[in-house]
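Chains as they are written, first to last, in the numbering used here: chain A, -12 to 318; chain B, 467 to 633; chain C, 343 to 728.
In case anyone wonders, no lab produced these hints; they're calculated from the structure.
Any given hint could turn out to be false.
As the list claims (entries may be wrong) - Distance windows between CB atoms, simulated: (1) C:535 - A:30: 50 to 56 Å; (2) A:11 - B:541: 54 to 60 Å; (3) A:4 - B:570: 45 to 51 Å; (4) A:30 - C:399: 33 to 39 Å; (5) A:-7 - B:488: 57 to 63 Å.
Glycine included, C-beta positions come from ideal geometry on N, C-alpha and C.
Spelled out from the first residue to the last, the chains are:
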Amino acid sequence: MLTAIYFFTVGFIVLNAIIGMVTYVTLLERKFAARMQSRIGPYRVGPHGLLQPIADALKLMMKEDIVPRLADRPVYNLAPIVFLVPCMLIFATLPFAPGLGVADLNIGILFFLAVSAMEIVGLFMGGWGSNNKYALLSVMRAVNQIISYDLPFVFAAMVPVVLTGSLKLSDIAAAQPDVLHWFIFYPVIGQLAFIAYIVTTLAAENRVPFDILEAESELIAGFRVEYSGMKFALIQLGEYAHVIATSFLGALLFLGAWGGPGAAGHAPLGVLYFLLKAMFIFLLVTWIRWSFVRIRVDQILAISWKLLLPATLVLLMATAVVTAWKGPAVG
Amino acid sequence: MWVTLVNFVRKPVTVHYPEVKRVYPDRFRGVLALTYDKETGEENCIGCRLCEYICPPQVIKVEMLKAEKRNFAKVFTLELYACEFCELCVQVCPTDAIIMMKSFDLATSDRRELLLDKDRLHTIGLQFDPSWATGNGLRDMQTPPKAPPAEHAKAEGPAAKAEGKAE
Amino acid sequence: MDHESRQVLEMGYGGTERLIMNMGPQHPSSHGVFRAILELEGETVVAVDAVIGYLHRCHEKLAETLTYTQYPSIASKTDYVAAMTSELAYVRAAETIGKIDVPKRAQYLRVMAAELQRVASHCLWLGTWCLDMGGALGGGATVFLYCIREREDVLDLFESLTGARLLYGLHQVGGVRYDIPADWARKCRATVDKIDGRINEFEEMLESNAFFMARTQDVGVASRELAQEVGISGPLLRGSGVNYDIRRAEPYSSYEDFDFKVPVETAGDCFARYRVRMVEFRESIKIVRQALDGLPAGPISSRPGVKSVGQVRIPKGEAYARVEGARGEVGCYLIADGSAKPYRMKWRGASFSNLALLPHIIPGHKIADVVAIMGSVDPVFGEVDR
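Given these sequences and hints, build the entire structure.
This is the structure in structure tokens:
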């Protein structure tokens, strides 16, 4: 009973923290992107735009909830929830500091990768339930894309797992005790795996240059085109939560999670470092997003199946060989 | 990709309107206004209706009032919501009565407030900065010179006059 | 929906359904109001039916009711992105019928205005094309904002010259209406030098980007024969290997005094058209510099400034005047009957004829290519629908 209350409270706190962070990450992205485009981002709402995400959230909550007349109502209404829940659930497995996490599962990373792939169901429900040709077309492409890129994503994420020898996320973090041992600095394999991770992350969460799901200039807003108000807010929340979750995972797998000067003794400092590293990966992803044009869906699939999948497979096998020869990184 | 990074460190080009307004050039075509004569203080408009005839979307309506020495405009309405800001009315005015201002700040919430009558036009004329263009100024700039006696006067005259007018 | 001009490629599918999708008049990437009814098999476009007319504003009838002094300001509104080329076509037609001379200074000013207009229009083209291809939230928006930033500088120049930023009314029958102010030549040179440097940045950003190259090469190939048959003009024609530029073929307004290169590419795909326009950027800047250096003194019009609405009367006659606009050949066919108003005026819109290429080059490509191709064709619907 007490453990149930404990877990409920911790989960509640983490969920709220995530939602708060997601809203402010949208502001960070907008200001970062604006600077790259010779302008300033949101500026008027609150000092330097700091209240902008709150204004956006309030606006979305107050909007009318429109359901198209010919839409498939149960599917249409449930889609945002089915999309959001896996994106939130994956935060449960992330340890934010040694011993601080909702559920540090033994199969942590497997849970993460499997559950994050479940959002495809939510996407497809949204596209189908909207009764809109644009939405249907976009989710057809998106399902194609996400499925194709999940495999290289898993393989790229497996490289640190093989190097560590354990699926538990806190073990992977513990295997990178100081800067020199961060997996990104592992000769050749680390860098290649990091690059593959970034590319497949972009694709798995529909960010430009792989954002055919929402292809704003071709299909308006893809599967989100018929959603308004709170359901739209849930979809946005889910998208950005997924981006942040994969940023955190990337920071954990490659950049040493909570490691950093002085973090060993003080847990909050470790959490801060973790946050900073995740934001670094997020900004890297954002920088790529705002610099490239989109590529066509058949070119996206060609990149995945003809380039990334063989490359990451070879990389994983190479990692396995290296680990068998040198032994796993965790003692 | 480095291009975006280079632009990241460049200064943004945003102008924080309305606290900071950019400098409008001399010839800016803003809202229209009627003017008073500088020396006598009388209205410049003689109600000749030339602006009404030339206006392409026909937004100006004038009624002349005949008086002893000169004529006036009894009614002068200008529908600013349909105005094209083409400056043709300014171009044809013989007395430089109608001019354009260096401001466009006349946003209202009711379209009827943009149906400017004569008083409003005169008020606008006193409220904002006038732009350079007046009827006589424009016509002087455009009209080719009459053949002057000397060769060198012809080459220098119009260009110098045109540049001088622009100061 | 049956058109002889539509090519329907047999895809070899058995019994699949074709989806008819409307890329409607309201669409983020239809460059205005354009309705393309696409017939899709899966992702591949099988047929395109273009529906236009959503922006029809009766320009040709309007020209019959407005005089030669009033209409040039309105003529800007056909091709509102490169407004002065339309005005130029109209006044040149009137001047040809009336055998009115245009002073040399006015001709040089017209050339400068036209070339600066071409720079501004190509800035907008590049920005909106990348916006279509890259998404409004993504790299496309970045290139768009850079291009708009450069275009703003050119528009500031026009603002100091005429007072207006987008629709100018610079031309009148006999010359131009505005002479350059005192400081303008220096500002113009500074702006043009800056844009020259920035174009290098754009080229660098786009051409070193494998994604951009993959999206534009071998997409929307228009062969030389097709280009000549369909009747397109401008950068589209020169991108398909036909070396035809009205500024060289029938020089007007002192273009023969200037030294510039006409870019021609043979590939015929979107990338070739992009290269043609990027070179045109630089050549236009070259022409502007030459015009500034060689600007003769003199009057800016051979006719007095407009004092009354019926001042300009063109004797009976007809003429077709064409100019090389940013999009192609903009032509104005004028029939004058001796009064102050034309009897008939017909616009040949460059984009109207260019759109005829779409049903020939789009089928066989994916939906994503439709926007890339439309962007490289660069239609402006003011010209199409008039």
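Now for the hints, and whether the structure bears them out:
1. A hinted range of 50 to 56 Å is violated for the C-beta pair residue 535 of chain C and residue 30 of chain A, which are about 31 Å apart.
2. Taking 54 to 60 Å as the suggested C-beta distance range, the pair residue 11 of chain A and residue 541 of chain B conforms, at roughly 59 Å.
3. Distance hint check for residue 4 of chain A and residue 570 of chain B: the Cβ-Cβ separation is about 47 Å, which falls inside the suggested range of 45 to 51 Å.
4. Range check, residue 30 of chain A to residue 399 of chain C: Cβ separation about 37 Å, and the 33 to 39 Å hint holds.
5. For residue -7 of chain A and residue 488 of chain B, the hinted distance range of 57 to 63 Å is satisfied, since their beta carbons lie about 60 Å from each other.
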